[in-house]
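The chain contents come next:
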Amino acid sequence: MSADLATYNFAYLDEQTKRMIRRAILKAIAIPGYQVPFASREMPMPYGWGTGGVQVTAAIIGPDDVLKVIDQGADDTTNAVSIRAFFQKVANVAVTTHTKDATIIQTRHRIPEQKLTEGQVLVYQVPIPEPLRFLEPRETETRKMHALEEYGLMHVKLYEDIAHNGRISKTYAYPVKVDGRYVMDPSPTPKFDNPKMHMSDALQLFGAGREKRIYAVPPHTEVVSLDFEDHPFEIQTFEQDCALCGAHGVYLDEVVLDDQGGRMFVCSDTDHCEDRREHGHVGEMLAPNQEAAE
Amino acid sequence: MYVAVKGGEAAITNAHALLADRRRGDRALPALTIEQIAEQLGLAVDRVMAEASLYDRSLAALAVRQSRGDLIEAIFLLRAYRTTLPRFGSSVPVDTAAMKVERRVSATYKDLPGGQLLGPTFDYTHRLLDPSLLTDEVIADPARKEASGEEMMRVSDILAHEGLIEPDGDLPDDHAAGDLTREPLEFPMGRDLRLQALARGDEGFLLALGYSTQRGYGRNHPFVGEIRIGEVEVEVDMPELGFPVSLGRIQLTECQMINQFKGSSIAPPQFTRGYGLVFGQSERKAMSMSLVDRALRAEELGEDITAPAQDEEFVISHSDNVQATGFVEHLKLPHYVDFQAELAMVRKMRADIEATRHGDTEMKDAAE
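Sequence order for the protein chains is E and D. Going by our numbering, the first sequence opens with residue -19, and the numbers climb by one from there. Going by our numbering, the second sequence opens with residue 8, and the numbers climb by one from there.
Rather than coming from a laboratory, the hints here were simulated on the basis of the structure. A quick note: this is a predicted structure, and the numbers were derived from the prediction, not measured. Even glycine gets a Cβ: it sits at the ideal position worked out from N, Cα and C.
If the Cβ cut is set under 8 Å, some of the chain D residues that face chain E in the computed set are:
(1) 15
(2) 87
(3) 90
(4) 91
(5) 330
(6) 332
(7) 333
(8) 334
DSS-like, lysine-lysine: derived pairs with alpha carbons at most 30 Å apart:
(9) -2/E x 69/E
(10) 137/E x 339/D
(11) 137/E x 355/D
(12) 355/D x 150/E
Model the full structure from these sequences, guided by the hints.
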């Protein structure tokens, strides 16, 4: 029996499937922010673990590509390691952790700190592609709302947030309007990353495997976070700098050090942090003989 | 810490080695063979084939072994394999009237052409743990009857002769059956796609939904017209030959549920149908499927949609256990970037409240 088991095509998917996905991607690029239904395949990793992103990457990757995979900004989280290993196995492509060296970056929950450049593709893993889903659970309804550009409900929701909490309390998966037309879910990236999507030089592709949708933001496209004149959109700010590389104005992870309330803050983007340290930047945790100096 | 910096790769390898160890268990015991699983855990294999939509007993048995008996995991393994196979055509519809029947029961007629055949069923067994199964006792050969050759007409055909049951759904001749594993899913669906989704839907989920219709959430007054289990021929049309060629036989369970219908402006009072068809032997699944199929026809039959089982988008979007388990279990993946954002927000909101309260006290102090 084992001898009968088929081997796999380059990048796992068969060529017809890749063509089908590429057609969906082209349509998505032609209509920025519009969710294109596609015949998502069953992948050898679970739904909700990046099957959409993996299918998009599998459809666009070629033997000369250099792939970077991040999860929560880091190259070494277990799921990123697993997806990177998958493509090494089924496509034998070069992989990297350096943002600037990658041609394709597959990500979950973050956009790299380093500005992306022309020719790079950022592939997002998307759990729930529909920004209106939590306002209206029915797909048949939400598709109609998009078609009619009927986004009043979303503004009401944001307004209610302000009425209840004094501010828009959405901190991640913060809705954006793409190219002045479609309201889009940027995937659960913190809203800190939203401005990076605006007029990006890179192509941004979004794959939702379980929900069978692909959408895109082509390079140099307007991406505006929804807000109100008297409550303008704001990103998160951190009082601390990165404890390892001293970076300021980047997204930080909070690491619990002990049960006495000890905390340190470090870059969520591990490559950015390492790169800075290589260039001699030092945060307070790594500063030599700090106490001795005092 | 499961996100040990730079430790991810080694941790995964070690975890998988441990999994292989636990899967094998005590090395002093002989390892299960695929043949043993296929023969002696046949209903587990059937469920895996049905919900993976792939009829292959040995691959399904391999999946059961590889998954340590976790059937949803086994279904997932088999589906991930299925997805890589090319699709080269559709069979002609299988003819369940010509089934080589091993079991056939009708709850609507005491006797009928072809008779009632109990077959290998748990029904009427007393559920007492059987100590004789602790050892490998010799099992006597079962009694078997020669096939009578009598045609076993379907109960729905008996009713159809009198015009008492709605005709089987008609599709145009040029209708190509959809394939939800190859095309994007869109609502509302045709009944062909809906039945496909139900056939691979989670047995437990469909059981619960079917049960809910019996308890009043979308009641549809069902009778088991017939359940039959047996083997049917799978044939493919060969354009070069001009006649269908047999690919082999598969075992199926078919359930035809007969439901009351009071009639509408376009149709006279008549019985309606709910249909269930599943790979292998799985009566529970086939019966649940036919209850849910009938419930989902509410809109087509002009009935009020009041219950979850009648709501196509709700049922079909949540019936797939591989999708469901993936998304539920993805919650164990790291979410600390988003959690950090929420943490900061909650701290800020608490600080705001604290400040307001403090401000209030100061004002009060000043007033005093």
